[in-house]
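Colleague: Make a model of the complete structure from these sequences and hints.
Letter by letter, the chains look like this.
2 protein chains.
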Amino acid sequence: MTCCATVTGGALETDQAEQIARVFKALGDPTRVRLLSLIAASDTGELCICDLTDPVGLAQPTVSHHMKQLVDAGLATREQRGKWAYFRVIDGALEGAARSLLPR
Amino acid sequence: MTCCATVTGGALETDQAEQIARVFKALGDPTRVRLLSLIAASDTGELCICDLTDPVGLAQPTVSHHMKQLVDAGLATREQRGKWAYFRVIDGALEGAARSLLPR
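Same order as they appear, the protein sequences are chains E and U. Take 1 as the starting number for the first sequence in the numbering used here and just add one per residue. Take 1 as the starting number for the second sequence in the numbering used here and just add one per residue.
Heads up, a few of these hints could be off.
As the list claims (entries may be wrong) - Okay, derived cross-link-like pairs now, BS3-like style, lysine-lysine, Cα gap no bigger than 27 Å in a straight line:
1. E/Lys-25 to U/Lys-68
2. U/Lys-25 to E/Lys-25
3. E/Lys-68 to U/Lys-25
4. U/Lys-25 to U/Lys-68
These are calculated hints, taken from the structure and not from any lab test. Computed from a predicted model, the values in this text were never measured in an experiment.
Modeller: Here is the structure:
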């Protein structure tokens, strides 16, 4: 996300708008919003893919696909440990997205 | 948008996640982000559909469709005046979306 580009800070160029929209596209799905909230709410700040399937009621490949979109958008990290992938919300990533919607 | 539901404020229920994701889905497209920024940057705070087509390089029906999605998501208003529709960004709507991403 560009450091200073905001939706209300002047007419955006195409590339700035693409950067901003990329993160919101990842956030524009209720399952992905719930997955982020579950991870953020965990005691350790991380959750195993094996702990995410039950709460959202979806099969592991579907949850993995959603998590890949969140990782690709720069909102979460993925770490493989043995059999399982573990996910964390990246510090400051949601705040960065929020800033692009706020007055400068 | 629910007044208090935030992505990092605890595990979200399905309906809360749907409300949050709905706004971000509208923001998850670079053309719609540019349209909002153009309207917000105008001197009067509003722009005619006739002033939006050129800057984004799209035909009027396409721009109208994008603007409908922004209006339906509660981010913009549409007012028909004679031949043309005029759009405004709703005060506080982007701030409300930003709040759902920030710590409480």
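Colleague: Now look at each hint and say whether the structure bears it out.
Modeller: Each hint, compared with the structure:
1. E/Lys-25 to U/Lys-68: holds (17 Å)
2. U/Lys-25 to E/Lys-25: This hinted pair holds, its Cα atoms lying about 6 Å apart.
3. E/Lys-68 to U/Lys-25: holds (17 Å)
4. U/Lys-25 to U/Lys-68: Cα-Cα ~13 Å, so holds.
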